[in-house]
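Enquirer: What follows is the residue order along each chain.
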Amino acid sequence: MKQEDLQFYGKFMPKLEEIQTILMREIQAMLDSISTDSETALAEHIKCRIKSADSLCEKLRRLDLEENAVCALQNLSDIVGARMITHFVGDIYTVLELIENNDHWKVVTVKDYIANAKSNGYRSLHVLLNLPFGIGGIDTINVEIQLRTIAMDCWASLEHQLKYKKNIRNTALIVDELKRCADEMASTDLSMQTIRELIQKG
Amino acid sequence: MKVLYAEDERQLSVAVTEILKMEGFDVTPVYDGEEALNALNHDYYDAAVLDIMMPKMDGIEVLETMRRDGNHIPVLMLTAKATVDDRITGLSTGADDYLAKPFSMKELVARLQSLMRRNNDYRHSVVKYANIELDSQSCELRSDKGSLRLNNPEAELLSYLVHHVGRSFSAKEINDEVWSGQESPEKAELYLYYLKNKLRQIHADIGVQIEDDIFTLKEE
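So the protein sequences, as listed, match chains G and X. Heads up: the first sequence is residues 1 to 202, going by this note's numbering. Heads up: the second sequence is residues 1 to 220, going by this note's numbering.
Don't take every hint at face value.
Said to hold, decoys possible - EDC-like mimics (lysine to aspartate or glutamate), calculated; alpha carbons at most 20 Å apart, straight line:
#, chain 1, residue 1, chain 2, residue 2
1, X, Lys187, G, Asp176
2, X, Lys172, G, Glu177
3, X, Lys196, G, Glu177
4, X, Lys21, X, Asp46
5, X, Lys198, G, Glu177
6, X, Lys218, X, Glu183
7, G, Lys59, G, Asp78
8, X, Lys187, G, Asp183
9, X, Lys21, X, Glu9
10, G, Lys179, X, Glu154
11, G, Lys166, X, Glu186
12, X, Lys101, X, Glu133
13, G, Lys179, X, Glu183
14, X, Lys187, G, Glu159
15, X, Lys198, G, Glu184
16, X, Lys56, X, Glu34
17, X, Lys187, G, Glu184
18, G, Lys111, G, Asp176
19, X, Lys145, X, Asp205
20, G, Lys51, G, Asp103
21, G, Lys179, G, Asp112
22, G, Lys179, X, Glu9
As the list claims (entries may be wrong) - Far from chain G, some chain X residues (derived; all Cβ distances over 10 Å):
#, residue
23, Ala15
24, Thr17
25, Ile19
26, Lys21
27, Pro29
28, Asp58
29, Lys101
30, Glu133
31, Leu190
32, Lys218
33, Glu220
As the list claims (entries may be wrong) - Derived Cβ-Cβ restraints for the label pairs, each shown as a range:
#, chain 1, residue 1, chain 2, residue 2, range
34, X, Gly146, G, Ile199, 22 to 28 Å
35, G, Ser119, X, His72, 41 to 47 Å
36, G, Val110, X, Gln137, 37 to 43 Å
37, G, Ser52, X, Asn197, 31 to 37 Å
38, X, Gln201, G, Thr194, 21 to 27 Å
39, G, Asn170, X, Asp144, 31 to 37 Å
40, G, Thr109, X, Ser147, 41 to 47 Å
Simulated from the structure, these hints should not be mistaken for laboratory data. Idealized CB from N, CA, C, for every residue including glycine.
Modelling step: build the complete structure from the supplied sequences, incorporating the hints.
Expert: Quick look at the structure:
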């Protein structure tokens, strides 16, 4: 954690870190209930993060809210977030089912940007969870889990660079090309999923 | 569909031209071999119908010359002497089909249509150069050491470059010549960089060389 993040979150930091640890542990336990073998593991890897003060303030400004930790905790849902990367598209929905059947949290919303990709080509499944931990004047905290394949993750990281880099030559062309790559990768993801199903069926 | 029709018998030419026009062909009639060759050199046709017996230059010579010049459009030969030798000479020179005079108009139309159809199939072709092959239909790029799938504009670009190995282009020229100016020089440049990487990936013996914004496909 950077100094500015520690400063921004102040006394809430230990609690947020605890929530992050618990979330990670719950997700891992849930996945291990299906398989602990790395060959058949549902997740290629899982990352967890507490949103940086920088991007949090940017979001608060955008929403015309006060730039402080209490306001953020009371209004935003992705201060604590996890991202799970899978090999195959099918695994994402298997994990979604596990999440929905887990009684350690409540599923608030599911946004399926795989079935309904964003117009720029972005694909992921966003699940908003409500965890029974009070912090900063709220009784339960919302956290977000993003699920995507390796291909979708790779695409999103490149798109992210585009978003935060100013003065790129031919932005329109790059945007078009990224969209094409996203669609081609989605198509290959589905081909691989289909082949896997055929292999498993034998 | 533009068809060149070389026939020295005026009456027959008028009748055939009329009927082909009614069938939707865009027919240009010419009346001797020289005229035919001249037209083929100066205009694009989808197919040619050549009478064998013509003044100045016969149909076989026209065919030989056009094939030598690299013109591979489908050619149907018309022959009055329906001898086996004549037919064989025509076909072995590079004719795609022949019809013996007198012929039925319906058969001529049917054969022309069939030639056009076949020619469309020929566009599914494999472009080969050095150690690479590009299947124009599947857009698969292969070498003896690997393979990749290109997308359509990449395949069009590579196919064009292979046909112009060693020639240098600016990105604007590529956009104008490969995509009729429909895309953009910026896209052409990006796609040339894609190809450079992809050719290298499959260990192609040729590569896109880039120097001062000038692009050349040549042997590495």
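Enquirer: What hint numbers does the structure not satisfy?
Expert: Going through the list in order, the structure violates hints 6, 12, 18, 20, 22 and 31 and respects the others.
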